[in-house]
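Student: These are the residues of each chain, in order.
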Amino acid sequence: MSRIALVTGGNRGIGAACAEALLASGHTVVVASRGGTAPEGMVGVACDVTDTASVDDAFTEVEASVGPVGVLVANAGITADTLLMRMTDDDIASVIDTNLVGSIRVARRAARGMLKQRWGRIILISSVVGMTGSAGQVNYAASKAGLVGVGRSLARELGSRGITANVVAPGFVNTDMTAVLDEAQRAQIISQVPLGRYAAAAEVAAVVDFLASEAAGYVTGALVPVDGGLGMGH
Amino acid sequence: MGILEGKTLLITGVLTDASIAFHVARLAQDEGATIVLSSFGRALSLTKRSAGRLPQPASVVELDVTDEAGLAALADSLRAEGVTRLDGVLHAIGFAPTDALGGNFLNTGWPDVATAVHVSAFSLKSLAMACRPLLGQGGSVVGLDFDATVAWPKYDWMGVAKAAFESTARYLARDLGPEGIRVNLVAAGPIRTMAASHIPGFDEFESIWATRAPLGWNVADPEPAARACIALFSDWFPATTGEIVHVDGGVHSQGA
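Line by line, the protein sequences give chains A and B. Read in order, the letters of the first sequence are residues 1 to 234 in my numbering. Read in order, the letters of the second sequence are residues 1001 to 1256 in my numbering.
Hints were generated in silico from the structure; no laboratory data involved. Even for Gly, the Cβ is constructed at its ideal location relative to N, Cα and C. Zero decoy hints are in this set.
Here are the computed lysine to aspartate or glutamate pairs in the EDC-like style, where the Cα-Cα straight-line distance is at most 20 Å:
1. LYS116/A with GLU1204/B
2. LYS116/A with GLU61/A
3. LYS116/A with ASP1112/B
4. LYS1154/B with GLU63/A
5. LYS1048/B with GLU40/A
6. LYS1154/B with GLU1204/B
7. LYS1048/B with GLU20/A
Rough simulated footprint, nothing fancy, chain A against chain B, three-plus residues with beta-carbon under 8 Å:
8. 1008–1018
9. 1043–1053
10. 1095–1101
11. 1189–1201
Residues from chain A shown here face chain B by an in silico Cβ test under 10 Å; the list is partial:
12. ARG3
13. GLY26
14. ALA38
15. MET42
16. VAL43
17. GLY44
18. VAL62
19. ALA64
20. SER65
21. VAL66
22. GLY70
23. ARG112
24. LYS116
25. ARG118
Whole structure, please, built from the sequences with the hints as guidance.
Tutor: Structural data, given as structure tokens:
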């Protein structure tokens, strides 16, 4: 069934791939990003996940012009990588505020409409490093691990109203976020991946698309890795 | 030869290919009409995408029925798309803020009710008047209604707006009749469209229709409602105005 799907950070990377996959599955797709733009055929809305009022305005606009959001892909995320000794308070706070608290903000606002509809799909985009840890990414890994607690709590709170909440943990994907890594780093990572390669963003999006579907109606509180085997054992 | 051969229609309210208006547009083109779509704000991108899925290309003009300036400019926007005459216009527009639907009837404030009535009822007059310079003798205004003679679960202030909508159609029929313009509504049963997703508890309607419709009812099929619109746009209802045609499997005629 066609739903209204909202993807935060849906303007590029994994978010953009998710938006395309959901569109191809017949949903009406809203791309929420700071810039507020969207490709042809999707609705664009300006949304800053670090600002509750911005999140509220974005959802209100979507509800007024399109309808209540049934599928939320909380994907907006940033990195501020540096070894802990050099990590500033702002590095820590900004990453946690955007990635973790931002996802809580959008989930909180989206749940309102989902509860009324008695149907919803909340999909939180975590990361393999949330479970494995990653040197230089204390802030990022913390924010991504935190999403597991968010997803499972939402699954318990909202399950009786037909709303599922799941966490997808991508491994290394070719996007702007990983483009900053140098050749040596990339080779080192790939050597740890049983499948011996990076993921394409579409491969993560395919799992998100499944979780958003009617077929995934009994999957909730799950942590689904899409990491080529990198994070096995968690 | 289709029954709308040579006619030009303005079709509002096409959001996705599940929209009733989309099916009106599709059938209208199949029956030989030229159509222009209208949309507004954020929905524009969706309407353009849906326009690409019609049998023939159709241009999309921007129209917010609550915007006086836009309404005043509509006739010119249509002329800019090559429209010299309109034979019909489909009103497929409605909105009620979340607080005005879903079981909150006793607590809804006037501003939210005003919005619902403005967008869903008054807009019928606004749209008809905006199109009037291009509508001629034989012009047909068709609106999509939901039976407002009774109260429904959860529909709340949208139901009140539809009651106003039905009455507006009757008064418009009175005042535009002398110009040869007919104004009629199609009161459809519940259909799973984007608009329906605004109504919490839509499933209740589905159960009601399943038990009460003598002909049965398919909430996933907008075509019967769309066909009724096509009929009203055609020359086959020449002396009918101020009418409400029920396309609801017969529910309106049954007590239980």
